[in-house]
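Visitor: Sequence:
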Amino acid sequence: MRFLPKANPLYEKIAAHNIVIPEVLEKLGDNNFTGYIHQSAPEFDFYGVFAKGKLLCALSSDRGMDKSGFEAIALLFDKVLLIGGEINVYRMTEDLAVCAHALILGTSLFNGEEVRQVDIKGALGRLKGLGTNGVVRFYTNDRSAMIFYKDGLPIGFYYDEASSIESSSEESRNIAALPGARVEICSTKTLEELMQYDLLQMVNLQKLWESAQLRYASPSAKRVVVPNPLGTSMSEKKMLELVDDISEVASAYLSKPGRAIVEKRIKELGGPMQLLDDSKRSHFFAMMEIDAIASDPNARIDEMLGLMKSEMADRLAV
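Plus 11 on top of the position in the sequence shown (first one is 1) and you've got our numbering.
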């Protein structure tokens, strides 16, 4: 479970069943919101960090298993419909939003080492020398404190359930000195670099939401389809819709070439219905991975394939 500051609440403890989550995300984007949204439910947490209305990152943690990006949002929708939970939204400055990104999806420099085994003074000196944007967090089982960094210098302090961002490091030092205290140091890119990525512009929230609603509709509301010769309940029309959905995912990660790659590989298989065959479906994803790497080796290919497989598994489930 992550730990982010709760110093400036916009909304707290809103029942997730009482709101339409895609509309909330879109509203935060339209209003140039800076901060984060948190959904909590039993054994589940979702975090989405915004800066100037752009969704910089999304992460879902389900029983200790993390998913990011599209998969995180899809899992959020599933959990809201399945078990509800609470929604919290907290404002932040842009600098703190960068630090929140570091905590959620940044690069770990230290990841839970005992404070007494780390040269803290030297580590903080390296942060300054590197001009790091990120967070130093000291914690025990019961206590937690953070130091936020911009360009290698501390810009604020926060601990446990404090009501504001502090200007003193005293509590951080106290927690770091506790028996068994551990340290986590994480870093991320500059705000300008992070804002080149906006999940809200890359994902069709409404389609993801509608898919989740269909999965959790009452039995009487679910569609009835005629079994096809390959022994599944998927009609050719529905398979075409599935191909369109995974093409949209591919185009979100790979731009225009993504859709073209899907179309090419589906044609080579012999049409959408061939995806019902396990071996041909595995071959399709293997070829997709090769083509995606050739098209854009810097794209989040594993994340893209994971979302495509998840979408396909949901649609093919009998």
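Keep in mind the hints are simulated off the structure, nothing from the lab.
C-beta atoms are modelled at their ideal positions from N, C-alpha and C, and glycine is treated no differently.
Each hint should be verified, as a subset may be incorrect.
[What the hints assert, rightly or not] Straight-line Cα separation of at most 30 Å, DSS-like style, residue types lysine-lysine; simulated pairs:
1. 218 / 24
2. 139 / 38
3. 132 / 63
4. 278 / 248
5. 200 / 248
6. 24 / 63
7. 218 / 161
8. 132 / 161
9. 200 / 249
10. 320 / 248
11. 278 / 38
12. 320 / 291
13. 275 / 63
14. 218 / 139
15. 218 / 132
16. 278 / 291
17. 38 / 24
18. 139 / 17
19. 278 / 320
20. 267 / 248
21. 249 / 291
22. 248 / 275
23. 267 / 278
24. 38 / 267
25. 38 / 17
26. 320 / 267
27. 17 / 278
28. 63 / 291
29. 161 / 248
[Claimed, not checked] If you anchor each label on the Cβ, the simulated ranges turn out as follows:
30. 298 / 154: 46 to 52 Å
31. 294 / 128: 23 to 29 Å
32. 247 / 37: 32 to 38 Å
33. 298 / 213: 45 to 51 Å
34. 75 / 225: 23 to 29 Å
35. 224 / 190: 29 to 35 Å
36. 125 / 41: 24 to 30 Å
37. 118 / 308: 38 to 44 Å
Visitor: If any of the earlier hints don't hold here, list their numbers in rising order.
Guide: Hints 2, 3, 5, 7, 9, 11, 13, 14, 15, 27, 28, 29, 31, 33, 35, 36 and 37 are the ones this structure does not satisfy, whereas the remaining hints hold.
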